[in-house]
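Visitor: Chains as they are written, first to last, in the numbering used here: chain Z, 1 to 306; chain L, 1 to 376; chain D, 1 to 355.
The reader is advised that the hints may include incorrect statements.
Said to hold, decoys possible - No more than 20 Å apart at the CA atoms, straight line, and that leaves these computed lysine to any residue pairs for SDA-like:
1) D/K107 with D/K272
2) D/K229 with Z/P301
3) D/K184 with Z/I261
4) L/K83 with Z/P301
5) D/K307 with D/G279
For the record, the hints were derived by calculation from the structure and aren't laboratory data.
Please read these numbers as outputs of a predicted model, since none were measured by experiment.
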Amino acid sequence: MDITVNILLTIATAATPLLIAAIGELVVERSGVLNLGVEGMMIMGAVGGFGASYLTGSPWIGLLAAIAMGAVFSLLFAVMTLSLATNQVATGLSLTLLGLGLSGMMGTSFVGQPGERLPNIDIPGLTSIPVIGRLLFGQDPIFYISIALTAAVMWFLFKTRTGLTLRSIGDSHTSAHALGIKVIRYRYLAVIFGGACAGLAGGHLSLVYTPQWVENMSAGRGWIALALVVFASWRPWRVLAGAYIFGAVWIGQLHAQAFGIPVPSQFLSSLPYLATVVVLVLISRNKRLTMMNTPASLGQPFVPDR
Amino acid sequence: MMRLELVKRPQRSALFSALSPFIAFALTIIAGAIMFALLGVNPLTAFNIYFIEPISQVWQLHELAIKAAPLILIAVGLSVCYKANIWNIGAEGQFILGGIVGSIIPVLFPQFEGPLVLPLMLLLGMVGGAAYAAIPALLKTRFGTNEILTSLMLVYVAQLFLDWLVRGPWRDPQGHGFPQTIQFGDSAVLPELMPDAGRANWGFVFALVAAVLVWILMSRMLKGFEVRVLGSSPRAGRFAGFGLNRMVFFAFLLSGALAGLAGISEVSGAIGQLQPVISPGYGFTAIIVAFLGRLNPIGIVAAGLVLALTYLGGEAVQSALGISDKVARVFQGMLLFFVLGCDTLIHYRIRLIGLALTKPQDAAKLEAAPKLKEAR
Amino acid sequence: MKKLLIALMTTTAALSLAATAEAADKLKACWVYTGPIGDFGYSYQHDQGRLEVEKALGDKVETAYLENVSEGPDADRAFERLAREGCKIIFGTSFGFMDPEVKVAKKFPKVMFEHATGYKTSDNLGIYNARFYEGRYVLGQIAAKESKAGVAGYIVSFPIPEVVMGINSFMLGAQSINPNFKAKIVWVNSWFDPGKEADAAKALFDQGADIIVQHTDSTAALQVAEERKLHGFGQSSDMIKFAPNAQLTSLTDEWGPYYISRVQAALDGTWKPDNVWLGIKDGAVKLAPFTNMPDDVKAMAEATEKKIAGGWNPFTGPVAKQDGTPWLKDGEVADDGTLLGMNFYVKGVDDKLPQ
Numbered sequence: 001m002d003i004t005v006n007i008l009l010t011i012a013t014a015a016t017p018l019l020i021a022a023i024g025e026l027v028v029e030r031s032g033v034l035n036l037g038v039e040g041m042m043i044m045g046a047v048g049g050f051g052a053s054y055l056t057g058s059p060w061i062g063l064l065a066a067i068a069m070g071a072v073f074s075l076l077f078a079v080m081t082l083s084l085a086t087n088q089v090a091t092g093l094s095l096t097l098l099g100l101g102l103s104g105m106m107g108t109s110f111v112g113q114p115g116e117r118l119p120n121i122d123i124p125g126l127t128s129i130p131v132i133g134r135l136l137f138g139q140d141p142i143f144y145i146s147i148a149l150t151a152a153v154m155w156f157l158f159k160t161r162t163g164l165t166l167r168s169i170g171d172s173h174t175s176a177h178a179l180g181i182k183v184i185r186y187r188y189l190a191v192i193f194g195g196a197c198a199g200l201a202g203g204h205l206s207l208v209y210t211p212q213w214v215e216n217m218s219a220g221r222g223w224i225a226l227a228l229v230v231f232a233s234w235r236p237w238r239v240l241a242g243a244y245i246f247g248a249v250w251i252g253q254l255h256a257q258a259f260g261i262p263v264p265s266q267f268l269s270s271l272p273y274l275a276t277v278v279v280l281v282l283i284s285r286n287k288r289l290t291m292m293n294t295p296a297s298l299g300q301p302f303v304p305d306r
Numbered sequence: 001m002m003r004l005e006l007v008k009r010p011q012r013s014a015l016f017s018a019l020s021p022f023i024a025f026a027l028t029i030i031a032g033a034i035m036f037a038l039l040g041v042n043p044l045t046a047f048n049i050y051f052i053e054p055i056s057q058v059w060q061l062h063e064l065a066i067k068a069a070p071l072i073l074i075a076v077g078l079s080v081c082y083k084a085n086i087w088n089i090g091a092e093g094q095f096i097l098g099g100i101v102g103s104i105i106p107v108l109f110p111q112f113e114g115p116l117v118l119p120l121m122l123l124l125g126m127v128g129g130a131a132y133a134a135i136p137a138l139l140k141t142r143f144g145t146n147e148i149l150t151s152l153m154l155v156y157v158a159q160l161f162l163d164w165l166v167r168g169p170w171r172d173p174q175g176h177g178f179p180q181t182i183q184f185g186d187s188a189v190l191p192e193l194m195p196d197a198g199r200a201n202w203g204f205v206f207a208l209v210a211a212v213l214v215w216i217l218m219s220r221m222l223k224g225f226e227v228r229v230l231g232s233s234p235r236a237g238r239f240a241g242f243g244l245n246r247m248v249f250f251a252f253l254l255s256g257a258l259a260g261l262a263g264i265s266e267v268s269g270a271i272g273q274l275q276p277v278i279s280p281g282y283g284f285t286a287i288i289v290a291f292l293g294r295l296n297p298i299g300i301v302a303a304g305l306v307l308a309l310t311y312l313g314g315e316a317v318q319s320a321l322g323i324s325d326k327v328a329r330v331f332q333g334m335l336l337f338f339v340l341g342c343d344t345l346i347h348y349r350i351r352l353i354g355l356a357l358t359k360p361q362d363a364a365k366l367e368a369a370p371k372l373k374e375a376r
Numbered sequence: 001m002k003k004l005l006i007a008l009m010t011t012t013a014a015l016s017l018a019a020t021a022e023a024a025d026k027l028k029a030c031w032v033y034t035g036p037i038g039d040f041g042y043s044y045q046h047d048q049g050r051l052e053v054e055k056a057l058g059d060k061v062e063t064a065y066l067e068n069v070s071e072g073p074d075a076d077r078a079f080e081r082l083a084r085e086g087c088k089i090i091f092g093t094s095f096g097f098m099d100p101e102v103k104v105a106k107k108f109p110k111v112m113f114e115h116a117t118g119y120k121t122s123d124n125l126g127i128y129n130a131r132f133y134e135g136r137y138v139l140g141q142i143a144a145k146e147s148k149a150g151v152a153g154y155i156v157s158f159p160i161p162e163v164v165m166g167i168n169s170f171m172l173g174a175q176s177i178n179p180n181f182k183a184k185i186v187w188v189n190s191w192f193d194p195g196k197e198a199d200a201a202k203a204l205f206d207q208g209a210d211i212i213v214q215h216t217d218s219t220a221a222l223q224v225a226e227e228r229k230l231h232g233f234g235q236s237s238d239m240i241k242f243a244p245n246a247q248l249t250s251l252t253d254e255w256g257p258y259y260i261s262r263v264q265a266a267l268d269g270t271w272k273p274d275n276v277w278l279g280i281k282d283g284a285v286k287l288a289p290f291t292n293m294p295d296d297v298k299a300m301a302e303a304t305e306k307k308i309a310g311g312w313n314p315f316t317g318p319v320a321k322q323d324g325t326p327w328l329k330d331g332e333v334a335d336d337g338t339l340l341g342m343n344f345y346v347k348g349v350d351d352k353l354p355q
């Protein structure tokens, strides 16, 4: 029983940064913007979070700094693509390049310094309940944030007027603009929200997952988050499911090895990407589903012609 | 309260088309100077080492050609896609598949030697890249699947496939367990252009030839016209009788074949065997090169050389001034942002609007006037 | 934010200090690293060696390095650049630099080249390597003493001879204490991915291992051990700061003494291409202070370390291969050639070598 709980906890830790970054990117893409700079924003969040925690001694301040760092960094993307109407693909890739370089420069003095881990929740009486206690009441704070965030985004996108507006912008910015909606303003907020989430995901890496700073520590997780959004066909609860499936496949593979079962790790690792392609094909085959889920103006620049 | 506003120019500005790269470069130099000064290095010294030194020696020019060749080759192909408004961002995967398929002969049939080997390898490389690019094209035309996302996903699949190959079935049995294939035989190695002067190989020639051919295609042939029409207005293209699906295949196969050629040229010319990683992200960097070169093949040659120079310059300041290699990446990032930003000036006028001062409606009317005229 | 900015400024100031002025009569010694020096692992340790050279030889030398050099055409250029920029002695620190270094060495016969972990030499190209397996034998003994479950978790990168040899040596050490000792092995296919390494450590602990060994570079696995109040061993650098209660010892690479001796030889004009495989007795393989263990275990570990420093080889027979066929007869010592190409397990390893 204990091993099952431990495995579930490990999966949760592996899935949390993917989930948070993907939820942020989902909102961005729902508004019709494709930001390929997730990896760059994530690593900036990681260095910012670790740096602030290291300098102040408080991982909580680190957490806030990670969010702020991601948000500020995404602002660069927003100004370029939204105000200056640059190509989103090229700008997003440049953002990743810049983030990897900048984080390395900023983090030079943090290398080899142990960080403080954001403490797990501990509620007397509840956390010690067998089996479910640690799962429900004993994880790290960011885990709870990730779940709450998913629920909040779900509610926001599909139950609020503002969410509906945001989605309508993603479907057709020209008609949204014709209706008098401030397309650019919405998109700014969406991109910054996505940046804050990517930053938080990075903070999870350097404050919870492995409390330390090393260059390139995001190790491609930003790209997996991007795949996840598509895999989930832009649905928050599917992002949640997807992140946990990705995490489970990965952790399961390690357990299989430790158990003595040889696994072709490359094939398993490529499954998420192949699955994403299959999902894409499935949803695009069905026109009705496509209409419902895919932000039609994804990646296209918009300049209000007033 | 100030606000930034873009006003579409009635037509692209010839002035800014010419000026924008220079403005961007000037801005990069200023920002770079500030950065170097912050690092405690005399900016003039740094710039000299960064930009001048790498192109003042013959061997370095060869290195520049080696680094630029794959970037140009891939970017030239991508420019056709992007002109047609088709978004292939999976060139990295097509590059890798080109490298793999092109290596079939030297890895599996090393006893097969002679003058035929190399042309066959190059051909196989192009086939491999094109075939891999055909997947997103097929999915887009058959099911309407978004090609940005499928082509991106396939990059990771290609990387993992190569990883598996060189660790598993294709691993050199005499290689002490290191993940790499056998060294290619002499007839499978792309020859150097001027072995006495430097290491540059035929890959750079392929890049230049590809650039010229694509330039001719785009500016002198009907197909190029078709690409542009379909890119700017699919509806108009359909009226003209151009098939969108055919265009999707054409663009993907062309860019895939060029990326595949780049892949096998790199493997056979510069590396000499397959390794778990054969590209430091050329396929992605080439996207940036394509935009830096404004999707124009000749511009792309220049952009590819400039970007290659930033890599070489980054290494030069690292060894000469002890500045970390991260600086080079930051520098590249800045350059790209400035270039992308300045290119906005070609299509738009930018104005800062003090909200209290101007009434946007009036401005709108003023702007609308010439447009109306145009419409008539 | 402000503190971050300050951190950035101090970082950059430190960087600028590293930029040394040119001086004609100094000997220039240069290094090429495959990873970032900020990995706090393999490349970091090589760079520490470079800094030791600067410290020991002071005014007489000037150093430079290129980091994050990928194995392929970039490596050719890196070596050529350094050779042309007046480096008199160049150290390539990764196996993948072998062929580029051979090529460039041929082109610059006056420059002295050194390549770590490879097997090709020439008139101006020497090779050096460290016998990490010696330290791993000691780790195996400590693990067998300290593990209550009798099971260690072993996190490994790639199935290359150095790693296989390490697993074998570890198991021989462990079996010398507890013949039934088991190791569970997980391949993470990366030298450096903190997240993956942490996940692997958790998986191994969850399956009953109570001591973690790694042949990967990050501190993540030890941090997990610290969290779970279990034990483990560090790798490459002393990681005690990351796991004050969990680290038993750390198998560290100390390249400094070797680099100093080679650069000194270059200064004296006595440098010759060499083929050295340094071990505990040369100070290239070091075990960090033994901590978090009872005195008798510590004494045993120290004794074994001394025995190895005295010239005893952990691969001394009788040793059988995994399938039970005999490999080394009683008293027979494995030759270096076999070790450097090792592609089989010894008896008792509970894993199938990935092919």
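Visitor: Which of the listed hints are broken here?
Guide: Structure breaks hint 2 only.
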